[in-house]
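Q: Following the hints, position chain B against chain A.
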Amino acid sequence: MDFIKKLFGGDIRQLGMIGALVFLILFFQWSTDGLTLTPDNLNNIIRGNAHILVLAIGMVLVIIAGHIDLSVGSVAASVGILVALAMRDWGLNWFLGILLGLAFGALIGAWQGWWTAYVGIPAFIVTLAGMLFFRGLNQFIGKSNTIPVPEEFQTIGGGSLPEVGPDTGYNNLTVLLGLIGCAVIVLGALRGRARLVKIGADVESPAVMWTRLALICLVIMGAMLLIASGTKGFPVSGLILVALVLFYGFLTSKTVLGRHIYAVGGNRHAAELSGVQSKKINFFVMANMSVLAALAGMMFVARSRASGPFDGVGWELDAIAAVFIGGAAVTGGVGTVVGSIVGGLVMAVLNNGLQLESIGADRTQMIKGMVLLIAVAFDLYSKKQGKPSLIGRLMDGAKGSRAATQPDQNPAEAEVTPTTDTIRTEN
Amino acid sequence: MTAGDVILEMRDITKEFPGVKALSNVSMAVRRGEIHAICGENGAGKSTLMKVLSGVWPSGSYTGDIVFEGKPAGFSTIRDSEHAGIVIIHQELALIPELSIAENIFLGNEQRKGLSIDWVATRAKAAELLARVGLSEDPMTKIKDIGVGKQQLVEIAKALSKDVKLLILDEPTAALNESDSQHLLQIMDGLRSKGITQIIISHKLNEIEQIADSITIIRDGMSVETLRVKEDGVDENRIIKGMVGRELESRFPEHTPQIGETFFEVKNWRVQHPIRTDRLVCKDSSFFVRRGEIVGFAGLMGAGRTELMRSIFGRSYGTWLSGELIMNGQHLTLKNVPAAIGADIAYVTEDRKTLGLNLLDDIKRTTVSAELSKITRGLVVDETAEYAAAEQFRTELRTKAPSVDEGVAKLSGGNQQKVVLAKWLFTDPELLILDEPTRGIDVGAKYEIYGIIQRLAAQGKGVIVVSSELPELLGLSDRIYTICEGAITGCLDKEHATQESLMRLMTTTTSRGAEATPTAS
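Each protein sequence line maps, in turn, to chains A and B. Take the first sequence: its position 339, counting from 1, is numbered 339 in this note's numbering, and each next residue is one higher. Take the second sequence: its position 97, counting from 1, is numbered 97 in this note's numbering, and each next residue is one higher.
For the record, the hints were derived by calculation from the structure and aren't laboratory data. Mixed in with the good hints, there may be bad ones.
If we take Cβ atoms under 8 angstroms as the criterion, some of the chain A residues that face chain B in the derived model are [to be verified]:
no.: 1; residue: Ile199
no.: 2; residue: Pro206
no.: 3; residue: Thr255
no.: 4; residue: Leu273
no.: 5; residue: Gln277
no.: 6; residue: Val334
These figures come from a predicted structure and were not determined experimentally. Backbone N, C-alpha and C fix where the C-beta goes; we use that ideal spot for every residue, glycine too.
Pulled out of the complex, with its shape left as it was, chain A reads as follows (with noise of 0.2 angstroms):
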């Protein structure tokens, strides 16, 4: 067990989510008898919820900042109907459409950004708001309509990697891309470890490093090797989700910009007082979402063929669902983009099985709820196990109440009560 732990960082909250996916996709395996993991179900999987995960990944964004926001899909339906109609009507071709998009999203995440973050309204209501106006938009501009859309605009969402080169019997581009993922993750991971003992931090053995190297590795060949196998190639909506997924990534862990979001829903006073100007960062997570949904709602009217005026509905809560289960803070400051992919890729298997089963979409609904919910309960439970930082936030807050009944039980008093009359703010 410890070797395990190791193997995944020691982190619980990951080992468990990580755990949960692979338990599912296991179960599925057996009670469909082989119909989870074969390369078109793979394929179905990806295409069917590529659109929500970019928008996990924007939301994950603007849950770390301690934002929300309730209009993704509605921003969605109202860029894919705009998107589909300048096609159709005004001649766009498919990459002037898609720039069209990606600026019209820009412009809806600005209004919405200095609302939040300029205006200092909660973003809950601006983009409940939003969510109620872009919806009304999108049936304004198609007239409650369905709009068509061209076939190489389709691409983007129903589009696979062409076969190329010699006849292996499997896709090449997509092996080569299993490959060249293994090879990126290897050398960083060696790279980081170099790193490490260059400033001669700790670090892992290499026993625990390469065998978490080889069984990603297996991980991420085995699902190429069998979607390759199939009919299609891996999804062009698979390679623009990746692609996403290293650029948040790396954006958020290694860079400025990444560093501010999370001071910034940590504790919003104290990144102020050490310069961090909350503002612009608030901005750039709420425009940033917009952007994303925008770039989900082409994805989706891509793969649907046509943009309609129910585009979107739900998705919201389906992204939101995704970033908690992958272990984000309701309060802010805590969450990881590789954390909401794998929940929503939790989600999406969940969703497929059922589905697979012909279990109903009533029972679907029922299932996924208690999902997220036990999701949440155990991230609570691990943090409350591993991290004390998370209780001392719970005892702060509810110190006034707990004063009141168990003071001398709480050792958290301690260092709280003793200097009561200097501890009062002088503001």
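A: Frame of chain A, contents of chain B only:
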């Protein structure tokens, strides 16, 4: 039941928190119908004593006896003590802004007719109570629409509605202006003549001298003495002597100051309260700092020390009205925190946990957080440099942590403070403003922090230390400014400063501050 008998006696009250004795064998007796003041420095244990009395700390969590109205009393909850007729009014008023005066007065004690509220009775009784405290407001006015002075009176009216026998007021005039304070003292006088016993906790010694019949002085969790104002002819000096009359306990590392030329000056700094625009939090403050100098700022709670420092640090508090900042001969306009950091000023906040640290973060990320640009290539954080910097400060400041990957929430107060210091030392500031740098940390860590502060001064940096602990300021500073009610009331050299002289300047209102001659040598 004759006037003058003892209504409340507390005997040998000892209250311990894990590791700290907040009160040890405190005894006091309050006579019926008097106004009894409790004086002591910040942290002496005044509020803890009142919490014991009012049942915030339930009986059993402390040792000692409380006798109220001739009966042994030990209250388990605030409700119990209120039932017995003891009502405490806290410094932070517990009124609900969106409710009316009348609703607030009867909150939790609603005037009912069956299941519904009897509004006629509520209004009538509220009006009657308001008349008793001399407040002529419509009982249906919302709390948010009246000033703090009137809110304080509403609190008293609320207490009267509960048939109060002993009224405790914790710093009732701290947030009030002069005339509101005087009005409140008159009301207290009126209540005394109606036979209501009162206990007042206050830092404003002139008010205590004016209103109190007896004074109990608490120092370091022990009751030092009880003075009878009239019989003993007590004046402010006598109270101050009782409050600070102790030996310097904290030791300070050896340090020979090497003071250079003046490099930082603040002139006629005027700042408005962020919300209450009628109130100035800095009144024409001027001061200067020399290289290698440790400058102390002394003032009571609410005097405006933090407000002054934060307004200098990129206007992060209040609304700046006028005043100049001069650093190295150049006028500075620091409109925001990044500008202040860019000008090589650092501000270590008094409130470590809510303003100083992101408790979700680890040591290394915290250490570099105030000037990330120092370790970035392009927009990317160089994690190798980050680790090295954090490790360097961990070693230098001797922060006790298994590694710089440790979360700051897991550290003790002293080590957290070292991480906060590291964060600001990382920016390599010329001027370091330390607001209560040793608050809530133990003696050993204090000693280390003093050493760090002295080393910084020895490197030629200017250091400002704001502290509520006078011994700390006296031991550390080369020069000490005093602040009272937003105005700088004096400046004493290390040689001339004593706890008594500082306390006098700290409790001097602005008009009398002119008498004190600042020795700006």
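Q: Look at each hint and say if it fits the structure.
A: Quick rundown of the hints versus the structure:
no. : hint   : verdict
1   : Ile199 : holds, 5 angstroms
2   : Pro206 : violated, 20 angstroms
3   : Thr255 : holds, 5 angstroms
4   : Leu273 : holds, 6 angstroms
5   : Gln277 : holds, 7 angstroms
6   : Val334 : holds, 6 angstroms
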